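Engineer: Chain residues, written in single-letter form:
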Amino acid sequence: MDAIDEQILKATQDGIPLTGSPFRDIANRLGLSEEEVVERIRLMKEKGMIRRFGASIGHRDIGILANAMCIWNVPEERVEDVGRIMASFPEVTHCYERPRRPEWEYNLFTMVHSYTREDCEQVASRISESTGVKDYRLLFSEREFKKTGVRL
Amino acid sequence: MIYLDDTDKNILNIIQHDFPLDIHPFQKLGKELGISEEEIIGRLKRLHDEGAIRKIGPVINRKRIGGSSTLVAVNVPGDRIDEVAAYIDEYPEVSHNYLRPDKYNVWFTLSASREERINEILMELNQKTGLKFINLPTVRLFKIGVKFNIK
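As they're listed, the protein sequences go chains A and B. Be aware that the first sequence starts at 1, since it is given in my numbering, and climbs by one per residue. Be aware that the second sequence starts at 1001, since it is given in my numbering, and climbs by one per residue.
Hints are computed from structural coordinates only; laboratory data are not their basis. This structure is a prediction, so every number in the text was calculated from the model and none was measured. You may find that some hints are simply not true.
To be verified - Straight-line Cα separation of at most 30 Å, DSSO-like style, residue types lysine-lysine; simulated pairs: (1) A:Lys45 to A:Lys146; (2) B:Lys1028 to A:Lys134; (3) B:Lys1151 to A:Lys147; (4) A:Lys146 to B:Lys1128; (5) A:Lys134 to B:Lys1009; (6) A:Lys10 to B:Lys1143; (7) B:Lys1147 to B:Lys1031; (8) A:Lys134 to B:Lys1147; (9) A:Lys47 to B:Lys1132; (10) B:Lys1045 to B:Lys1031; (11) A:Lys147 to B:Lys1128; (12) A:Lys10 to A:Lys146; (13) A:Lys134 to B:Lys1055; (14) B:Lys1132 to B:Lys1063; (15) A:Lys47 to B:Lys1103; (16) B:Lys1147 to A:Lys10; (17) B:Lys1045 to B:Lys1055; (18) B:Lys1031 to A:Lys146; (19) A:Lys10 to A:Lys45; (20) A:Lys45 to B:Lys1028; (21) B:Lys1055 to A:Lys147; (22) B:Lys1128 to A:Lys45; (23) B:Lys1045 to B:Lys1128; (24) B:Lys1143 to A:Lys146; (25) B:Lys1028 to B:Lys1045; (26) B:Lys1151 to B:Lys1045; (27) A:Lys146 to B:Lys1132; (28) B:Lys1132 to A:Lys45; (29) A:Lys10 to B:Lys1103; (30) A:Lys10 to B:Lys1028; (31) B:Lys1028 to B:Lys1009; (32) B:Lys1103 to A:Lys45; (33) B:Lys1063 to B:Lys1147; (34) A:Lys147 to B:Lys1045; (35) B:Lys1055 to A:Lys146; (36) A:Lys45 to A:Lys134.
As the list claims (entries may be wrong) - Beyond 12 Å from chain A on every Cβ pair, some chain B residues (computed): (37) Ile1035; (38) Glu1115; (39) Asn1126; (40) Asn1149.
Yeah, the Cβ is synthetic: ideal placement off N, Cα and C, and Gly gets one too.
Kindly generate the complete structure, drawing on both the sequences and the hints.
Structural biologist: This is the structure in structure tokens:
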């Protein structure tokens, strides 16, 4: 990432303005053309520095009220297969392997968002059936203290 | 709860992953949907003001631009939740922070340009709160692709 890319990320990370030419101010400030700004964003996306460029949704405000972190205790030798199966569920938005700790035996984490808790529970139970992983729990979020996304 | 008509839902589903990268993105979006740029912007302003859209911008891949991120769990006594959550939220490196009652009840994600910075923050939080923070960095990433299918 060069200094200009970094400036572009900093200038857009809290949201572009909702105007006809949302990249004009940034371009002027950085001494670039609007086309150059857009092209750099496109390249950062292509290179994977940006996962996507688009809207972050206030999911609670539109009624997607339930959000469950499902934690799974998966035998080491099955993590690769199970992780792939879990990731293939469209309801699963995130799937990570994380280390076990002496006081914490759950090693796979999936996020499930849906309209109701019951929906999330059903998704988790379908995942459990198709992976054979029986030791799992759902942690529902009861309060959101912060959600800014990754910032520079 | 925010009222969404079919056009709003359409717009929200498109602009999560297929936002047009163009110097006039809203004009282009309008063309795709057969409505004017003014109407698109008007609708987006309402959706933003009412909270359906938090922002339109980049979702940064911390690992790819250099740095690391982790999930942290901590068990906070019920009467200290607001105090401890405020200490955590203070750090710009904290990107998400939720109350999820379980063995550990406060869960947050941290990302920084250096791994030492993550350890430093966890040490500071431990000193400020006296609580034990469980660091659960990513071992393997199988999926990250938040997309809300708005019905």
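Engineer: List in ascending order the numbers of the hints, as given earlier, that are violated by the structure.
Structural biologist: Hint check: 2, 5, 9, 13, 15, 18, 22, 23, 28, 29, 32, 36 and 40 fail, others pass.
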